[in-house]
Amino acid sequence: MALSREDIAMRYGQALFDFAKEKGSLDTVYEELGELRLAIKENPNFITILSDPIVNSAEKRNILDAIIENFSAESKEFLHLLLTYNRYSELLEIIEHFCNLYDEKNLIARGTAITAVKLDEDQLARLGQGFAKRYNLSSVRLENQVDPSILGGVILQVKDLVIDGSVQNRLQKIRTQLMNKE
Amino acid sequence: MSIKAEEISSLIKHQLEHYDDQLDVNEVGIITYVGDGIARAHGLDNVLSNELLKFDNGSYGIAQNLESNDVGIIILGPFDNIREGDRVQRTGRIMEVPVGEQMIGRVVNPLGQPVDGLGEIKTDKTRPIESQAPGVMDRQSVNEPLQTGIKAIDALVPIGRGQRELVIGDRKTGKTSLAIDTILNQKGKDVICIYVSIGQKESTVRTQVETLKRFGAMDYTIVVEAGPSSPAPMLYIAPYAGTAMGEEFMYNGKDVLIVFDDLSKQAVAYRELSLLLRRPPGREAYPGDVFYLHSRLLERSAKLSDKLGGGSMTALPFIQTEAGDISAYIPTNVISITDGQIFLRSDLFFAGTRPAIDAGNSVSRVGGSAQIKAMKKVAGTLRTDLAAYRELESFAQFGSDLDQATQAKLNRGRRTVEVLKQPLHDPIPVEKQVLILYALTHGYLDAIPVEDIARYESELYDNFDNSHDDLLQHIRETGQLPDEADLQAALKEFNDSFSPSNN
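Quick mapping for you: the protein sequence lines, in order, are chains A and B.
Note that the working numbering gives residue 52 to position 52 of the first sequence, counting from 1, and the numbers run on in steps of one.
Here the working numbering = 1-based position in the second sequence + 1000.
If you're looking for bench data, these hints aren't it; they were derived computationally from the structure.
One or more of the hints may lead you astray.
As the list claims (entries may be wrong) - Below, computed lysine-lysine pairings styled on DSBU-like, alpha-carbon distance capped at 35 Å:
1) A/173 - B/1125
2) B/1054 - A/105
3) B/1409 - B/1421
4) B/1376 - B/1189
5) B/1054 - B/1004
6) B/1054 - A/133
7) A/118 - B/1054
8) A/159 - B/1054
9) A/118 - B/1189
10) A/173 - B/1054
11) A/41 - B/1054
12) B/1376 - A/173
13) B/1122 - A/173
14) B/1013 - A/173
Pulled out of the complex, with its shape left as it was, chain A reads as follows (with noise of 0.2 Å):
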């Protein structure tokens, strides 16, 4: 049975993150990889590219050096050898395992903070410190989306967390609560 792009990712994720820890170079290589995937966003025929079967092997790699030219060495020689073994379609999975490995380790969360208005960075910042220290992590990253059908309030997506602290949720409970008293 062909391997599932979760698996494929978890191998070359877990793999990518032992070699990295080995040489000592960790977080270069978080840092280089997450610029890479936000390049990747911006311009997603990279991928289309570098995992076309047409376009022959010599001319991707010209295509590769030049985007990566400075990279660590590290960053190098996983991301060349990516495209020996043909991985590049799942290229973002693998970096999204790597990093989770990275976070897991360093205790550092990612998630988003759903408002009605937009937070600031401070006020962000303060939110993924209150986060982060009922959870114990080091650090929690949030990123802010606006939604204003919660009328107040905050909900707080981290990982497989949700903390419901919503004008919109309390106002559901109290109808659920004035309705089944009848």
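Given the structure of chain A, go ahead and fit chain B onto it with the hints provided.
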């Protein structure tokens, strides 16, 4: 009339007094796959096996497969508006159904919600659908009969309270009618009946419910219904839900009869789920734990010890066979779990022997101790007589020169088969069964033409009801045969007055 604003606000205040303003902390997963009645979700790292989960659309699900990076979930309820990327939430509870007295007389789905249009069921008690069966010390041996009112069963394969007796046979051999008749016969016997219909045609179920209503049997019956159009998870949990409803009564010292109609359809539903959940298929593509599926269900039917109130749950699981093959996978499994089986054969059924019970292949492993003394006495030789008859019958077809003894055996056998026939929805009380079997085994029927036996039987009952009620009452109350001289005199008197039809 005017309502004051203060009044309203004080009312609202009162209502909201107990409103607890706590943050909702939920663990959620993201759905990655939705199939026929099942879903897979990513995340939910701390979910427990069999935990109840809640989907965004309000449906509930049960966590079944816990794997390294996802969870397999069966969905109980509508799943057509669940999408990939939706969230699914832990509830920290396990699946429960409402139970209690209020359920009696209702038709419900496997979640315990009414489907009979008679309004909400007001009950505040629930029980988990999966629970541990009573242990060794919590049980006692079966010692009390459960009268089915069907002569062939009560005489040949008696069922005791707390027994699990499998009813097995091809389609259209009268399995369901057997169950309905057994339920009808529990009237006034303080037994609560639960009829779990799994994958039966809705029209059939409707007919059965109407029959139960017509005979006043819905006053002590709960019908749990999972139709063929319900998703597989509903069919899968239906027998567990029915058992949970029965356990409530059993643990309160009552006697319960539960009928699973039928478990082969449940096994098929479970196979469907298991394959969709990507569990490895085994023989006939059933998953490896299909045996456990039925054994854990049937173990929950028991006769409890007196310390626990002495309640009981008698189970009549049904299995449908293909072309009378009782050695297929699911039939052999369930035969090995139950305390005996009643085998119905289509050739007997079409030959007019109804109920079409195959006496040779039907057994009851504990029933002997659950027969009243009088019945034991009259039915003792019935099984061997019948077996001998069946053997001779095939011989007798070849020649006509038979000796006296053989003639007599054939003669008796034909009458035995005739006596064991019984029309639909006409359960016979045990004392009358004893009476007719006594007449049979003591030769009072030997001179009656075979075609007159049905009439003989009903006239005999009427005669005894009118003029010898004391004898019937004696059997009913003591369970013993009355003074044989009296009984024989009464039978002889009736025999003399009985006039065979001459045609």
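Verification of the supplied hints:
Taking the CA atoms of residue 173 of chain A and residue 1125 of chain B, the gap is near 23 Å; set against the 35 Å cutoff, the hint holds. Distance hint between residue 1054 of chain B and residue 105 of chain A is fulfilled; the C-alpha atoms sit about 31 Å from each other, no more than 35 Å. Proposed proximity of residue 1409 of chain B and residue 1421 of chain B is supported: the alpha carbons are some 19 Å apart, at most 35 Å. With a CA separation close to 21 Å, the supplied pair residue 1376 of chain B and residue 1189 of chain B stays within the 35 Å bound.
For the suggested pair residue 1054 of chain B and residue 1004 of chain B, the alpha carbons sit about 41 Å apart, so the restraint of at most 35 Å is broken. Taking the CA atoms of residue 1054 of chain B and residue 133 of chain A, the gap is about 29 Å. The hint holds against a cut of 35 Å. Simply put, residue 118 of chain A and residue 1054 of chain B have alpha-carbon atoms about 30 Å apart, close enough for the 35 Å limit, and the pair holds. Only pairs whose Cα atoms come within 35 Å are accepted, and residue 159 of chain A paired with residue 1054 of chain B is accepted, the gap being roughly 18 Å.
For a cut-off of 35 Å, the pair hint linking residue 118 of chain A to residue 1189 of chain B is broken: about 70 Å separates their Cα positions. A distance of roughly 16 Å separates the Cα atoms of residue 173 of chain A and residue 1054 of chain B; the hinted pair therefore holds under the 35 Å criterion. Simply put, residue 41 of chain A and residue 1054 of chain B have alpha-carbon atoms about 33 Å apart, close enough for the 35 Å limit, and the pair holds. Proposed proximity of residue 1376 of chain B and residue 173 of chain A is contradicted: the alpha carbons are some 64 Å apart, above 35 Å.
For the hint linking residue 1122 of chain B to residue 173 of chain A, the alpha-carbon distance of about 23 Å falls within 35 Å, and the restraint holds. A C-alpha spacing of about 15 Å is found between residue 1013 of chain B and residue 173 of chain A, which places the hinted pair at or below 35 Å, so the restraint holds.
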